[in-house]
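Could you slot chain Y onto chain A? The hints should help.
First to last, the sequence lines map onto chains A and Y. Just so you know, we're using the numbering used here here: the first sequence kicks off at 113 and counts up by one. Just so you know, we're using the numbering used here here: the second sequence kicks off at 972 and counts up by one.
Just so you know, not all the hints are guaranteed correct.
Said to hold, decoys possible - To give a feel for the contact side, a few chain Y residues facing chain A, derived at Cβ under 8 Å:
1. V1118
2. H1120
3. Y1148
4. R1149
5. Y1242
6. A1249
No wet-lab data here; the hints were simulated from the structure. Glycine is no exception: its CB is placed at the ideal position from the N, C-alpha and C atoms.
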Amino acid sequence: MKQNNNKPLTLALPKGRLMEDVSNFFKQKGLDFSFDNRKLVSFDKSGSLKIFLVKNSDLPTYVNHGIAGLGICGSDVLYESGYKFFNLMTFDFGGTTMCISGKKGHKPSGEERKLSVATKFTKFTNDYFHKKGLPVEIIKLNGSVELAPVLGLTPYIVDLVETGNTLKANNLEVLEKLEDIKVHLIANPAYYKLHFKSIKKIVDLLKGN
Amino acid sequence: MGTETIYIEDAYKHRQADQELGKLFTSWGYLPVETPVFDFFDIYQDFIPVEKDIYRLIDREGDLLMLRSDITLFLAKQMGLSLKNNDLPVRVCYSGTILRHQNREDISKNEFFQTGVELIGKADLNADMEILMLLHSTFQTLEIKPVVHIGSRKLLNAATTNFNAKDKNEIISMIRYRDFDSLQSMFESKTDKNRVNFLINLFQFTGSIDELNKFILKSANPISNEEKAAMDELNTIMDNLNKLDSEDGFVVDLSEVGNQPYYTGIVFQGYIEGVDSAIVSGGRYDNLLGEFGFNTPSVGFSLLLRKIESQLGRKFSLPEYKTVKESNFIDSLKKAETIRKEGRIAIL
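Looking at chain Y on its own, in the form it has when it is part of the complex:
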């Protein structure tokens, strides 16, 4: 699959990065899985945020198919159908292309390369922490320094219990795109005024966990037990990141509510200077696999590898090579072999 052509230096960088990440994921016990390139559309229909963004085709029998637009989704179906209780927990990693329609003028802009991990069958915060720390190691491996904004779909769910599914999806979109004027009208239809102001400010919040706790204390607005549970989760996670000296790359951002409809717990996206959209997204989704036949919690992230290749460290660049020119082929070959043994590149 693919619409994009990648040339020598870029292709080298891409493959190196993909391989390094493969090694990293394996060392954490995440083993590779492959998902289909296309599948029946109706299986995934309910989990696709914007239907226009996916490529659909019709097979010879007249069934509607779709090209892979999100590996997490295709993986969830695979896992949902094949996993059994005594397999759990399962750690898997993947890398492959996905297609999403985003550009009319240039079809190669519609291809993305997703590399990611899923930890399936663990519902506790340690699993969330494992994924965040593996993400941290992923950045270190790639020698890049993005900032990860962490929010909570759980908090959003807790704050919107009196809205139906359709309104909730609209609320999610309004928060994600910071359309707080529309959000205000939406909340005002079902919530009392004091609480509306509190919620609007809450979902605009971006900053440190201390600042968030201060804001909650100051607002003197009673929060529900479910909302408190979601806050406690964020507190524990940020506290752990702090103890691990890793809090530098993480920000609490409650306008991160997840770009996919299936999230249920923490959600996050990562950003890096010089790239015009999020480079990584992830979070917890505890009900998705259940939709495909096996109900078990899951948490993971996926990185759009091609987006960050211009930012990668030097170790990913094409190394220098030496051209060997001895008087005859046999001598050249022998010389080249000794150079290669030193770990350098020799061409004849």
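Excised from the complex, chain A in its bound form:
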């Protein structure tokens, strides 16, 4: 069985908080790349990867459609997308926690008829409370979710918490950790099948010391 090994593998990386970690990690493993000013496509120096910079929440879409065969993405974003991918590797960096938070000292008493929650992660929140059999009202926000309890939109929020500094600054606190979020190297299943040899090489390289 022949596989085309000359063409670079395509990899989508998320713009934003993960980018620096990813690029340092890849550099350590000998896969050096950088993006010219405002460019969104680049190659690593060895020419084995063609790298796209995409918006974090759009990354699963690009990989699902095979535009990028591989991607690096947090499990929070993957879950929201609803798509199924191969999980080739879990990274040590970039981990965070999905938490439910609210105003200090305002824990739910358990007697509320339903929890009212603002979040970016509507699918996760819906499924999480649905599985527990707890009625929940979800209001979708696209950012600055901490404002919701401050301004009185909802008493609670479901959001990622890294340091907790934003919560503290807004007089909020974590009520419960819901799930650990990890960063994964994913592959479009069909793309993986067609390029498994070259993908295995890259994964072995990234997993090696």
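Coordinates of chain Y only, in the frame set by chain A:
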């Protein structure tokens, strides 16, 4: 049935491909069958991997119905109810649309066109080979060069005898999506450590049959008689493909464990550059028809025809046509007739 609109050039290509495949299947003795577009949901409930993916509706009497989501399944019920022993073996082919919910934004993405074959009533490896070689001919007819990854549900069944049905389904999903960290924890709950490592590496295996045999020898891990039987099957199949000079398009891939719950023997999926998911899937399912009243083995494949139409060879494209403009209608018609007799297209 259908949510998708197909325009002239694409519709032509689609129909040509469907017709060419119909001719091919007939020449191998596979005769057409039609299955219902919808049926009672409860009949199929146990065989549907993800219930959310199918369209269900309620009829006037309040019964829950489902739209066809997999022709193999609807066909199995039809065959299970109507076949008798002296009909066997039976070779059938089909082509039609199915609906599976996969896209919220665009309902036309939820329609698929399945074209396929089933060989019913033969349990031996020759039947498996017949289906694989017919698949090979199907690719040649369509002038495409996909790669088929072959695995074995039989091997998976043999390796997971100590797990209950629910755990086994989870194992299948973990292997299919290459979630080997979760698989490791699952196996560790019921298997000793050496064997866990062996099984994890086994179900990750993709490569040639020689490489697989070397891996098994090297691992020095005793395999059960059932596991050996499944391995022997794969060996025979790959050996035959080799003798037929057809091994180029086939790879042994033990992470192929079948995308439907009803498989029992070999399972395979085909992939082609430029298409974002498997274009063909198939395998052996020896107990499915029995669930519908007539216990007989079966093997087949189904191809998602719309997915590969952008890759089809030139003979499927809309041919050039000639516009005839003589001085009067009768002359034009006569001229056009002579052009048509040469096998070309003439329009008036």
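So, going through the hints one by one against the coordinates:
1. V1118: 6 Å, holds
2. H1120: 6 Å, holds
3. Y1148: Holds: closest Cβ of chain A sits about 6 Å from Y1148(Y), inside 8 Å.
4. R1149: 4 Å, holds
5. Y1242: It holds, given that the least Cβ distance between Y1242(Y) and chain A is near 5 Å, below 8 Å.
6. A1249: 6 Å, holds
Violated hints: none; the structure is consistent with every hint.
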